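Novice: Each chain, written out:
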Amino acid sequence: MVEGILFVLMAVTALAGAVTVVVARNPVYSAMGLLGTLFSVAVLYVAQLAHFVAAVQVIVYAGAVMTLFLFVIMFIGVDTSDDRDERLPMQRFWVGILAGVIVLLAAGITLSGNFDWVPAAVETIPEATNGTIQAIAEPLFTDWVLAFEATALLLTISAAGAIALAHFKGQRT
Amino acid sequence: MSWPEFWIVVLRVILTFGLLLVVTILNVWAERKILAKMQSRIGPSRAGPYGILQTLADGMKLFFKESITPRKVELGMYVLAPFLAVIPAFLIFMMVPWGRPFMIGDHEVTLQGADLNVGLLFILAMSSMAVYAVILAGWSSGSTYPLIGGVRATAQAISYEAAMGLAMVAVVMFSATQGDGGTLSLAEIVERQSGTWGDLSPALQPVLQFVPRWNVFPQIVAFVIFFIAIVAETNRAPFDLVEAEQEIVGGFHTEYSGIRFAMFFLAEYINIFSMSAIAATLFLGGWNGPTFDGVLPGFVSAVLPTIYFLAKTYFLVFLFFWLRATLPRLRYDQLMQLGWKRLIPGALGWLIVSTLVISFRQFGPPWS
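So the sequence lines, in the order shown, correspond to chains A and B.
Quick note on this note's numbering: the first sequence kicks off at 1 and runs consecutively.
Quick note on this note's numbering: the second sequence kicks off at 1001 and runs consecutively.
Simulated from the structure, these hints should not be mistaken for lab results.
Model, not experiment: these values are computed from the prediction.
Among the clues, some could well be false.
Claimed, not checked - Partial pick of chain A residues on the chain B-facing surface, computed with a CB cut under 7 Å:
(1) H51
(2) F52
(3) A55
(4) V58
(5) F71
(6) T132
(7) I133
Heads up, the beta-carbon is just placed ideally off N, CA and C, and yes, glycines get one too.
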């Protein structure tokens, strides 16, 4: 019951935030809309007992990434008189068609009751999926340690690469 | 959840909230009084004994003053920003255990807003949320000085959050060796700091048995880095470039007045207290201390841990005030250099050293 109410509330705010990102004239409001969406999704993670994922979502996306976005927006000072030309021909038309098809599909699934399309949550939650730090750390550092370390290496390389690209740009040619 | 458990949760949230409000009101007064003493002034002295009611009087005044809204503000964000400052400030303190758990009947009451499994991460998340209030206030005011304050706040928060997080990692790793596996729950971290270092070495036992088992002794470098980082995170002197009066008037809150300004003011003092409380919890053993169970009456032993917690926290809060009275403000380039060239490399280096020592003690030398 509580979970249902929470889901409806957070789904509405997540969608409202997502719409704000696209509709808002001022880029700062777009950033705040995205922040609202990220936050609502984090609450949904908590409802799914994934506390760790929720905390990381707020720290990394809402805390670090969005702060940088706002920083850039405020520093560069995007004006409302900016270039608003749409370079992709007919982009609104095709996006409208795509969105319409997805909405119709979702409505069709709901009305016909063929819920095999959307697999339901497991009946009983196994103990291991209760998202405590310990439950996440154990598989991460035993079964998946190679993939985990490889990802870490990849991120380090990409960060170093970004710095190198920015730093040595002027010296080439 | 049964009804008694529900009421216990409500009770402890209200207690935590109430404690935070009372100490914050006292903090504002204490800062003015302590700064006055350090500068050979008298400080607030009219409202109540020793001027202790000064904050209440100021609060009432701000509450009844007009909240002026300048014409050029972005109204939505301008109104939202003070709330965004206060909410994370309150939520951070909800994670801090401020007293020993006790029993009412057969229900355990923990004196803590909530004990999350990811408590420490929650604190990091909320402290990174707090910066939005400053950025948005600065931007939405539609004025140059607040905007400069907001931009400074963003750069400062990003720089010092990294050092703060790295110092926390070192403590968590050390704390993992003190019990059964690692933990991010603050209640658990406090439990692991009970007792003394007496069992560390038989030779030094007579001395070490009087040294409490706090994380600050093995993790002193992490403590210093953490403390500098939280002073910068709360935008306090000497890191108060965000609201440097001589350069940018009032910084991000220049255009705020009345109750909206009061909310920013309140958030700043709540943050000082709750960040000090977190430092006391992580490094100074939280509510641990001699409680003389059985010697003193039961209720005294139950209240003593809370007093120890407040004493440790107030020691750190006093350091905040002391810094403000002593140090001049850093220049902007000095601020960035201290953050990126001293604190972050220092925290990384300390993390490596502390990891090596922990592994060495646990697994023996690698060549054996």
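Novice: All hints, please: hold or fail.
Specialist: Checked hints:
no.	hint	in the structure
1	H51	holds, 5 Å
2	F52	holds, 6 Å
3	A55	holds, 4 Å
4	V58	holds, 4 Å
5	F71	holds, 5 Å
6	T132	holds, 5 Å
7	I133	holds, 6 Å
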